[in-house]
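Peer 1: Protein chains in written order, with the working numbering: chain U, 1 to 594; chain D, 1001 to 1594.
Everything labelled a hint here was simulated from the structure, so no lab data went into it.
Hints may be right or wrong, so weigh each one.
Partial selection, computed: residues in chain D whose CB lies under 10 Å from chain U [claimed, not checked]:
no., residue
1, Ser-1023
2, Arg-1437
3, Arg-1454
Sample of chain U residues at the chain D side, in silico, Cβ under 10 Å [said to hold, decoys possible]:
no., residue
4, Leu-149
5, Val-439
6, Arg-445
7, Ala-447
8, Gln-448
9, Asp-450
10, Val-451
11, Glu-460
12, Pro-491
13, Arg-495
14, Leu-506
15, Leu-508
16, Ala-526
17, His-530
18, Ile-592
Quick reminder that beta carbons are idealized off the backbone N, C-alpha and C, glycines included.
2 protein chains.
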Amino acid sequence: MNPNIIIQRLEALRRIMRHKGISATIIPHVDPHQSEYMSRHWHVREFFSGFNGSAGTLVVTLDTAALWTDSRYFLQAAAQLEGTSIELMKEGLPSTPSIYAYIINVSHAGAKVGLDGMLFTKRSLDALEEELSRHSITTDTEFRPADTLWTDRPPLPSDPIYILGEQHAGEMASAKLGRLRKAIAEAGAEAMYLTELDSIAWLLNLRGSDVEFNPVFTATLYVAPDGGTLFIDLAKAGDDVRAYLGGYSIRMRPYDDAPRFLASTSVKILANPATLPASVARTPGIEWVFAPSPVPAMKAEKNDVELRNLRHAMAIEGAAMVNAITDITARLEAGDTVTELDVVDTLSRFRAEHPSYRGDSFGTIAGYADHGAIVHYEPTSQTNAVLRPEGLLLIDTGGQYLHGTTDITRTISLGNPTDEERHDFTLVLKGHIALARAVFPEGTRGAQLDVLARQFLWQEGKTYLHGTGHGVGFFLNVHEGPQSIRLQENPVALRPGMVTSDEPGLYLAGRYGIRCENLVLTTEAADTEHGRFLKFEVLSLFPFDRTLLDMSILTDTEIAWLDDYHRKVLSTLSPFLRGDSLHWLESACAPICR
Amino acid sequence: MNPNIIIQRLEALRRIMRHKGISATIIPHVDPHQSEYMSRHWHVREFFSGFNGSAGTLVVTLDTAALWTDSRYFLQAAAQLEGTSIELMKEGLPSTPSIYAYIINVSHAGAKVGLDGMLFTKRSLDALEEELSRHSITTDTEFRPADTLWTDRPPLPSDPIYILGEQHAGEMASAKLGRLRKAIAEAGAEAMYLTELDSIAWLLNLRGSDVEFNPVFTATLYVAPDGGTLFIDLAKAGDDVRAYLGGYSIRMRPYDDAPRFLASTSVKILANPATLPASVARTPGIEWVFAPSPVPAMKAEKNDVELRNLRHAMAIEGAAMVNAITDITARLEAGDTVTELDVVDTLSRFRAEHPSYRGDSFGTIAGYADHGAIVHYEPTSQTNAVLRPEGLLLIDTGGQYLHGTTDITRTISLGNPTDEERHDFTLVLKGHIALARAVFPEGTRGAQLDVLARQFLWQEGKTYLHGTGHGVGFFLNVHEGPQSIRLQENPVALRPGMVTSDEPGLYLAGRYGIRCENLVLTTEAADTEHGRFLKFEVLSLFPFDRTLLDMSILTDTEIAWLDDYHRKVLSTLSPFLRGDSLHWLESACAPICR
Chain U
1 MNPNIIIQRL
11 EALRRIMRHK
21 GISATIIPHV
31 DPHQSEYMSR
41 HWHVREFFSG
51 FNGSAGTLVV
61 TLDTAALWTD
71 SRYFLQAAAQ
81 LEGTSIELMK
91 EGLPSTPSIY
101 AYIINVSHAG
111 AKVGLDGMLF
121 TKRSLDALEE
131 ELSRHSITTD
141 TEFRPADTLW
151 TDRPPLPSDP
161 IYILGEQHAG
171 EMASAKLGRL
181 RKAIAEAGAE
191 AMYLTELDSI
201 AWLLNLRGSD
211 VEFNPVFTAT
221 LYVAPDGGTL
231 FIDLAKAGDD
241 VRAYLGGYSI
251 RMRPYDDAPR
261 FLASTSVKIL
271 ANPATLPASV
281 ARTPGIEWVF
291 APSPVPAMKA
301 EKNDVELRNL
311 RHAMAIEGAA
321 MVNAITDITA
331 RLEAGDTVTE
341 LDVVDTLSRF
351 RAEHPSYRGD
361 SFGTIAGYAD
371 HGAIVHYEPT
381 SQTNAVLRPE
391 GLLLIDTGGQ
401 YLHGTTDITR
411 TISLGNPTDE
421 ERHDFTLVLK
431 GHIALARAVF
441 PEGTRGAQLD
451 VLARQFLWQE
461 GKTYLHGTGH
471 GVGFFLNVHE
481 GPQSIRLQEN
491 PVALRPGMVT
501 SDEPGLYLAG
511 RYGIRCENLV
521 LTTEAADTEH
531 GRFLKFEVLS
541 LFPFDRTLLD
551 MSILTDTEIA
561 WLDDYHRKVL
571 STLSPFLRGD
581 SLHWLESACA
591 PICR
Chain D
1001 MNPNIIIQRL
1011 EALRRIMRHK
1021 GISATIIPHV
1031 DPHQSEYMSR
1041 HWHVREFFSG
1051 FNGSAGTLVV
1061 TLDTAALWTD
1071 SRYFLQAAAQ
1081 LEGTSIELMK
1091 EGLPSTPSIY
1101 AYIINVSHAG
1111 AKVGLDGMLF
1121 TKRSLDALEE
1131 ELSRHSITTD
1141 TEFRPADTLW
1151 TDRPPLPSDP
1161 IYILGEQHAG
1171 EMASAKLGRL
1181 RKAIAEAGAE
1191 AMYLTELDSI
1201 AWLLNLRGSD
1211 VEFNPVFTAT
1221 LYVAPDGGTL
1231 FIDLAKAGDD
1241 VRAYLGGYSI
1251 RMRPYDDAPR
1261 FLASTSVKIL
1271 ANPATLPASV
1281 ARTPGIEWVF
1291 APSPVPAMKA
1301 EKNDVELRNL
1311 RHAMAIEGAA
1321 MVNAITDITA
1331 RLEAGDTVTE
1341 LDVVDTLSRF
1351 RAEHPSYRGD
1361 SFGTIAGYAD
1371 HGAIVHYEPT
1381 SQTNAVLRPE
1391 GLLLIDTGGQ
1401 YLHGTTDITR
1411 TISLGNPTDE
1421 ERHDFTLVLK
1431 GHIALARAVF
1441 PEGTRGAQLD
1451 VLARQFLWQE
1461 GKTYLHGTGH
1471 GVGFFLNVHE
1481 GPQSIRLQEN
1491 PVALRPGMVT
1501 SDEPGLYLAG
1511 RYGIRCENLV
1521 LTTEAADTEH
1531 GRFLKFEVLS
1541 LFPFDRTLLD
1551 MSILTDTEIA
1561 WLDDYHRKVL
1571 STLSPFLRGD
1581 SLHWLESACA
1591 PICR
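Could you build the full structure based on these sequences and the hints that come with them?
Peer 2: Structure follows, in structure tokens:
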């Protein structure tokens, strides 16, 4: 984008700020649902800055502007902000001021900060205002300059929503609503207001396609003791959905009507202060009960039907991956030019052959050689590397199927792996196996198990900075809570039915990246005199690259685990494969010899 | 004790309660310093109940009485409370009411609960009163019936205190006070009031012998910007101590003078709300800054002199243990009768041969066979078992030396170990070794590493309910914070210089108990492109019983670790041993053969 356009937009913004007596405005990259993926309608920060990374906050004062983003985006932001007058603030560097400190530094006592209270949660705005008030700075929480300045702003998506049948969801919405109403009462409330899109989709067994990757739809939901109200663009719901919701006494009202409606009720309404928009929280006349939402924990524990479907989705996904890798391998062996983007396209193409496929679950990472060391790398036409018969290719990919959501990472040698590549790969794989093999008492938290995946890397002074495991939705968001497996404490215990990733890695800047990821299901292991013990069942199905094993550091137990796993992969995927793909898999899953 | 005496004491107590309009009184087993070991002066709960366990709280109402204690003391409490009219409340059972619930249940609105505000911390009394006030119940926090009823109450100990020289402490009190004053200023205060006895002893390089096992003395300390005041029984300090403290401008005043003195100051005083007595906290006229004490973290990171001394203490301790075990083994082989109490006495006797010895660091646990499965078992003349040439003997023991505090547990086979004993012992030992071998990045917390010690037990549906590791003081308390290695989250990171125990175990009720414990020191491992890594150095020196190894589940790495450790034990202890003891050690430390 021409930087002069950004300069003009900032000047127009400052005219409105002066007019309203606002000395600084904060423009986050977020929607009123705290979504990971957002429709274009909410890309306000990009409109005012030109920066289109997935994380970053813009602050504009009357004579300065600055954008905070993390290390993933330092290069991209520097390029996109060039000539715009916006200063890049590199998060994580000791010299970088916080947004608080920056605003306080440029503001005098009595100054006013403008922001859109729909894009701040109750909790985050309370914290911001507490900090600012110590310096006698006030806020205008209804400041929405994009409404007038962004003349060609895309509308909210009006894509239709559809019903996910009980054969996929496994539990009727009536049952889910019944369980939720019990939890609402236990929290001391009579009703609940939900704004998290995946919680609403799960609760109502509805899906949509408003954004890429997440099969959710833009709406908020009021759950009353005897029915409810879905706040949504009415054009999105056909007669079938209307009748379906009517069966649960759930009416529909326009998306923006929620605050006014909630103020008209006279019951105690439960809401999650960590996601509820501050503007809604502050609507006069609503009696709130602020507490964590019970839905993420309910949603995380998959039911038996979801699990049966999910195991099927894993087979579909595994077969598509085998077909894709066999195809890519053949093209490379034939001397064709194959790029990172070709890998991405090939994977989606083979996935799309299955009728259950509804899109990818996130943008595929196909990072060759040094690109593999960039943790959130996605190839673009500018970066697209040509694969050569050497080095490591890191593929992190997943699909959305009616039968469930998948997410898998494999690191593949394209030829002649070095001793160091094999050694590092095996360290990562040993950690992956140690976590997958874990048995642990009921009540164990992810942070307690995280070290199992890191211990072998740590022994050699190596580590990775991302988490080891995130929750995964059922035909929903590929990242969901409440559980996690990571360094940081999270009080949520791993419970039977939860699906979590197991994905240790290692990243050597400028050289290569390694990650081994399967999804694992928490299941029961044993009841003993010492209590109830849980373990993991591995769900993902695709072989690990045997040419990358350093046999000198693998134990007999680990080799037996790999052989068992490969036997299961082969027997489960074989019926879905034929020809070269089947031969490729048979060879990839052959027993490992000492 | 005759239960009628208890009934008479309770009746006398109730007369005072009626007179003061108090409907319930709470009598905890604690002193104003929240000490683990207390002088007899503070055994008020025992005076009114007859129960002398180390944990438990008595509640007396006008017509009922109940005592809460944990599972360690269920049998003992039931016996000691028999006939006293005091009901036993078994903590941890779902049917047991909380003390709150009990009091609320027997009290009417407007009732008054009596307690001694010196025995409740600011934090615990605030929480109690918040709970009670919801039911319109008030408190009288100056209710001390023992002052009148306990006519032969032992006075506070007046044992002399002494100076720990710099050759032992490694840092002069002036330097420690300087560091503390910096931390006080950083916390926004000008002075500090300390009540934890081990913090005061560490800070001033003074020691005492007021209680068993902990070389502390009863006092509280006010640290001013330019000096301080030690509140203490003036008879305890000789001229040397008086002159020594004078050098730091620290005066002495009577023990009970602190609240009045603090109220006369006009500076902001830092205090730890988790240990400060509520009565002191509520003294009018004191301007408090409530924050965690900086001292435990300072004290936990041992200096180089302390570490050099501590390594010497480990050699003294290891040699004493070898002498004791050699002696016991010889008596058993000669057919003498040897009991658990003989083991305790023999250990203390050989320790006492060294001039650095100042007592045991806790009551030795010598649990033979099924006694080993009772986690806090200490043999008494009633329970004292005779050792036979079979089964397991669990010995958990430690000494206080001028050179440092030790704490070690060994599980020893007395003959013909069963396959199950060897298998379970080896599972515990594998966990002990895995934790001892850990390498981890700076910032790692104990709760992240705990699983390393438990993983092999968990694989078989086994576990232990106590923590894996506690901090250990330098010639101070054998249990100290702030770090720990356990299931529960503790935000404190393991830092270089910290000494922590590594003590997984397994307890099979009615059969046997196993525990393997060494003290380990956190040290630097490596600085790499991925950051700074730490590891443990094993401090304790005594061989593990090789007759209890199940070779089929030990890895080469674990055997190499054991051989390395035994080589170090032998080479360090040999110069201190001769004759049979040296021969015993040479045999116990011989390389392990597959």
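Peer 1: Per the CB criterion, is U/Asp-450 less than 10 Å away from chain D?
Peer 2: At 6 Å from the nearest chain D Cβ, U/Asp-450 passes the 10 Å test, so the hint holds.
Peer 1: Using 10 Å as the Cβ threshold, decide whether U/Val-439 counts as touching chain D.
Peer 2: 5 Å, holds
Peer 1: Let's test the interface hint: is any C-beta of chain D closer than 10 Å to that of U/Gln-448?
Peer 2: This hint holds: U/Gln-448 lies near chain D, its Cβ roughly 5 Å from the closest one there, short of 10 Å.
Peer 1: Tell me if the interface restraint on U/Ile-592 is satisfied: Cβ within less than 10 Å of some Cβ in chain D.
Peer 2: For U/Ile-592, the interface hint is violated, since the closest Cβ of chain D sits about 19 Å away, which is over 10 Å.
Peer 1: Does U/Arg-495 pass the interface check with chain D, least Cβ-Cβ distance below 10 Å?
Peer 2: 16 Å, violated
Peer 1: Are U/Leu-149 and chain D close enough, Cβ to Cβ, to be under 10 Å, as the hint says?
Peer 2: Where the cut-off is 10 Å and the nearest Cβ of chain D is about 45 Å from U/Leu-149, the hint is violated.
Peer 1: Could you check if U/His-530 really has its C-beta closer than 10 Å to a C-beta on chain D?
Peer 2: Status holds, d = 5 Å.
Peer 1: Return the status of the interface hint for U/Ala-447: holds when the least beta-carbon distance to chain D is below 10 Å, violated otherwise.
Peer 2: 6 Å, holds
Peer 1: Go through the hint on D/Arg-1437 and say holds or violated, using the shortest Cβ distance to chain U against 10 Å.
Peer 2: Holds, about 8 Å.
Peer 1: Min Cβ distance, U/Val-451 to chain D: is it shorter than 10 Å?
Peer 2: For U/Val-451, the interface hint holds, since the closest Cβ of chain D sits about 5 Å away, which is under 10 Å.
Peer 1: Quick one, is the U/Leu-506 hint okay against chain D at 10 Å, beta carbons?
Peer 2: 9 Å, holds
Peer 1: Have a go at the U/Ala-526 hint: is there a Cβ in chain D nearer than 10 Å to its own Cβ?
Peer 2: Holds, about 4 Å.
When each numbered hint is compared with the structure, violations occur for hints 1, 4, 13 and 18.
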